[in-house]
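Trainee: Now for the letters of each chain:
4 protein chains.
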Amino acid sequence: MSSSFGRIFRISTFGESHCRSVGVVVDGVPPRMSLSAADIQIQLDRRRPGGNKLGTERNEADQVQILSGIENGLTLGTPIGMLVNNKDQRPGDYGSMSQVPRPSHADYTYQMKYGIHASSGGGRSSARETIGRVAAGAIAEKYLLEEYGIEIVAWVSSVGNHDSDNVDMETLTRVQVDDNEIRCPDPHAAEKMTAEIVAAREAKDSIGGVVSCVCRNLPAGLGEPVFDRLEAKLAHAMLSLPATKGFEIGSGFSGARMRGSLHNDPFVKKGDRLGTITNNSGGVQGGISNGESVYFRVAFKPPATIGQAQQTVDYSGVETTLEAKGRHDPCVVPRAVPIVETMAALVLVDLALIQKTRI
Amino acid sequence: MSSSFGRIFRISTFGESHCRSVGVVVDGVPPRMSLSAADIQIQLDRRRPGGNKLGTERNEADQVQILSGIENGLTLGTPIGMLVNNKDQRPGDYGSMSQVPRPSHADYTYQMKYGIHASSGGGRSSARETIGRVAAGAIAEKYLLEEYGIEIVAWVSSVGNHDSDNVDMETLTRVQVDDNEIRCPDPHAAEKMTAEIVAAREAKDSIGGVVSCVCRNLPAGLGEPVFDRLEAKLAHAMLSLPATKGFEIGSGFSGARMRGSLHNDPFVKKGDRLGTITNNSGGVQGGISNGESVYFRVAFKPPATIGQAQQTVDYSGVETTLEAKGRHDPCVVPRAVPIVETMAALVLVDLALIQKTRI
Amino acid sequence: MSSSFGRIFRISTFGESHCRSVGVVVDGVPPRMSLSAADIQIQLDRRRPGGNKLGTERNEADQVQILSGIENGLTLGTPIGMLVNNKDQRPGDYGSMSQVPRPSHADYTYQMKYGIHASSGGGRSSARETIGRVAAGAIAEKYLLEEYGIEIVAWVSSVGNHDSDNVDMETLTRVQVDDNEIRCPDPHAAEKMTAEIVAAREAKDSIGGVVSCVCRNLPAGLGEPVFDRLEAKLAHAMLSLPATKGFEIGSGFSGARMRGSLHNDPFVKKGDRLGTITNNSGGVQGGISNGESVYFRVAFKPPATIGQAQQTVDYSGVETTLEAKGRHDPCVVPRAVPIVETMAALVLVDLALIQKTRI
Amino acid sequence: MSSSFGRIFRISTFGESHCRSVGVVVDGVPPRMSLSAADIQIQLDRRRPGGNKLGTERNEADQVQILSGIENGLTLGTPIGMLVNNKDQRPGDYGSMSQVPRPSHADYTYQMKYGIHASSGGGRSSARETIGRVAAGAIAEKYLLEEYGIEIVAWVSSVGNHDSDNVDMETLTRVQVDDNEIRCPDPHAAEKMTAEIVAAREAKDSIGGVVSCVCRNLPAGLGEPVFDRLEAKLAHAMLSLPATKGFEIGSGFSGARMRGSLHNDPFVKKGDRLGTITNNSGGVQGGISNGESVYFRVAFKPPATIGQAQQTVDYSGVETTLEAKGRHDPCVVPRAVPIVETMAALVLVDLALIQKTRI
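Residue numbers (this note's numbering), protein chains in the order written: chain A, 156 to 514; chain B, 156 to 514; chain C, 156 to 514; chain D, 156 to 514.
Rather than coming from a laboratory, the hints here were simulated on the basis of the structure.
Just so it is clear, the structure is predicted and the values come from calculations on it, not from any experiment.
Among the hints, a few may not be true.
[To be verified] Listed below are the simulated DSBU-like cross-link pairs for lysine-lysine, each with C-alpha atoms no more than 35 Å apart in a straight line: (1) C:K424 / A:K511; (2) B:K425 / A:K480; (3) B:K297 / B:K424; (4) B:K242 / B:K359; (5) C:K480 / C:K297; (6) A:K425 / B:K359; (7) C:K425 / D:K359; (8) C:K297 / C:K511; (9) D:K242 / C:K480; (10) A:K511 / C:K297; (11) A:K242 / A:K359; (12) B:K242 / B:K480; (13) D:K359 / D:K242; (14) C:K480 / D:K425.
Make a model of the complete structure from these sequences and hints.
Mentor: Next comes the structure, spelled out in structure tokens:
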């Protein structure tokens, strides 16, 4: 259980890396929205590996099929079922790994939890699971944009020790982000990041990174004290993604080093609302959006599956050496960009709909 | 809504800073547990301010009353209602702040969300809200200890720029943590942290910090892919606490700088189970506990309410200067220690009970 | 677990028959509602036994205490905690029954479920559990009346074989219902019902009955296909009450004997909306309110605890005779009237708030 | 929203009458169960119309496709996605009804709720929506049978004024039920029921009926006081089915006419457990199963869509005559039999899994 997320706009995903299809049921989509497969496909295409030299080269067409909930291009308010067929429904290269749990992968823990695990690939822990999320998120962000003007843009802010710089969160667009394969809008940093990923691949190794995200034009009032504070739901959403190790909002961990007199964001009049001069809060106070931009960072560890030989043990505890076959993504952060946007959209749409019950 | 947390072991908290009582209803407590008010009071006393020179000096007795769910010292399996009366049910010092939303406090966002906000103190965003959580968490951790031997220990790992060092997570005890007022088991660092807090107080300012936490002796198998992964629920739980800005598990943000060959935790035989040599994963792989210690860090910003004069605007946008009256906690991390433990316990007990449905 | 009901307007009740207090936490109450203890007390007083010769004679003052969520007579949008102290916190007359599970009572099943059960009274299956519900329901119905003009009126429509007649659902008021102790607005039937209850009491026996309920002025559109259809939530709510055995809406079981041409409710123009000429549907079509009055009936079995000697066995299976001591209510339906109204209000308020997310 | 049901074994259905596919995602299926499409297809075939002269004659192949969650014939513990394609994805006969809401059908209320409704057929209120439920229920009942020996058998107990008689709930099998097309195991009554349905069809009319159901071999202890009592969840489940108007368990409405001395079920020793001599309780006391058979009845109204001319109004309120074209089922109860079993299984499996958290 727990393949569902959201209370009002609620998604339920299904699918492993090598089963027939992966997909999602989205319940609570507002009725009368204009919606087509093309709206969904845009983010699925951004998520898909293979189009660039940095990701894996498995060719996944990933064409979405909409099964229900839409008629004549309009949502009915009923559940929208969507699926993407897995091309590769038969495992191949993974055979040798079935006796040996991959270090820092989910093989061992799935086996301990369920007493069984998918014989190949990542099963449910595979990145293919995120397809259903992204399809649902595309609906969410379309609604947020049309209803509130909310814009969500994520980008790669670090790979290894290379950090992006000079990113203006208030104007950044997805077009700018997608301008290079690394999805880092700082071209100078992007170059170094690319080199880092290529070096990792050549060393049959992998490398971690950080995705940053900004959500603009939120109305004040989103977030449900006390357990579903906006930052709590964002943290929940981001840490539910594979390979994540950390989340920070606004000043984050660096805020923990500051004094209040410096950290506090003084109020100021902005047009007909109150705004703040600085934004160490990251757009959230007391768990509720304040109308300023919400921004946060998500840490991704280096992918666990690497081609290098690793000393480890098999399920029975016998020492062995593991060398992953096949092609594996040396760094997930470029592909994680639309997925982070997706999870942000799913959090925001749910909180926005819940807030309607207060008015 | 959203004052509930957990699916099987489910808590619902209530209460503002100056209402009659704060408290909690805990549903799904396993039956036949030995439980008394004393079991609860221990953590409430650790949470209570006033016993040390660093916290606020409001004297809150905070004696828990158990209203239901226990008979002859045993839980009945029915909801346990608990409350703590607020001594200070009439606001006093806060009057001058009612026209001016405190910078980086929840006054403004509550007003925007609900169209009304508690006229004084922090209302529902006050730290007093956590009393219900801590009372519930004391039950959770008693169950976890008795049923699985799980130990949860949190400590202050930084205040401002002062970091603790030399902390052995595998042996650390609460007694060691409580050995000094700052709750930092590194005495040398504790001294510097104390000085930092005193300095902030004297400057009518506040200072942020980080609480670290370790959970030992977890069985493998806890955590619900994909949306209720163990780290996702921990992140959700921690970011639901007032004043939090970040969460990281295992290697965290530093893991995002590493290569996979270094980050991966190779398996090794440990007695009759598999363990890992290193623990960059923080005890979690694929969202499921692997039997190693789970550890994580939580960033707390400096408290928003400070005595220094702040330039800001009132609700109507007119510029004004705000100086908070009354005594306010210059640093929340020492008191946050038992609260972080509480939230960890609430996450783990719920996942442990859910895992029983798999067996 | 499962002491919570509702998704947006969500209540969590606690308390056994002889613990310190029974009560409720109500989350999701709309902010800025005018609300006082007196608003709550009205329905608690209607629910209370002892004011009439037909109910039990235990004198329960049942004064509600509001613990949180209200300031200066207005709701804050935060959880409202409420409790009523149990006067009788020490069991007395029940001692002899502790070795023998009462036939058709919950003693045996609670023991089988939890491995323990409250040593006296009904524990959590006692009618006192409904106090928390009624307190919450009073808030719900105040909101429904003020926001939509919704009126909810229940009455006793049968006791044993005596049925009420001549009840005009479209105009019936609570004042009319409360005009006699039996709460049957048909005075002729009320007389016979009273005699039936007195006869049952004198025979140390008990008698069943039916409560009917009408909800007027609902807007069209309430009810959530497919699993939370309006009638499904009402059925759920009503069968969650102690001693209930059946539920029917509109034509109910008699509708199962009809032909469609007779059962269908043709549409007609009513002012600026469509209405129906007949109302066999009971105000619901496809699980959604259609703007006509919603009406339904709830069957209550005769109370299980009776003074007559019963042949049964004790927990170990040894045959014995059981004679309940103490005073027990020979018929629950008069007191059930406000409780049925409560559950209807809790269903409607939740569906009304959810419907706001569609607009 | 609200296309999900269950807390641990949780289903999420999707699909309208004329969209691409209908289906379900089932989360929380216990891992390591043997499961194949054939296990699902059995109940889908029993549900399918067309095989007999009483139902509609639309030929729906309704072959299930399993998309995920199973590998090598074993469940993985991950979500099982399933779908059935709609053959008839283009509406035909319904065109004339698009301006006129069918009396007692869901056209009008869907329009009022969502501001839009599927232009043809029943949309989400169509019986095709139940396909996803039945597919999920087949998994649930396989688990219940294998794990506990639980048997669930439903049958038609009345059509119009014709009631079945002589049905032995303790031994009845599905083979016996399916022995005639009406699914009434009393052959004499079945004949009269068949004649009644044929007569209704010839009159271009429809007729209501009642489905009864028994669940045998339940362990004592299932059911979650107070809001998720076993009978409350059953009532919720049954009233979530299209065309239902009533539910009763055990003695039901007739129990409301009885005295306690007659209604109570005295305990008796049955092997190594306690049982009851009579079973007016319907296997449930205090909301929890007591180990006796659970039995209940569900009232279905006559189908709303009839060929007879009906005087009604169109959406704008103009009077008109409506004659439904196409072939419509004159009585739903024979087909409802496996659907009632499905919903019972979904309730029981969820409560059985939750009960594991108590042990």
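Trainee: Which hints, by number, does the structure contradict?
Mentor: Of the numbered hints, 5, 9 do not hold.
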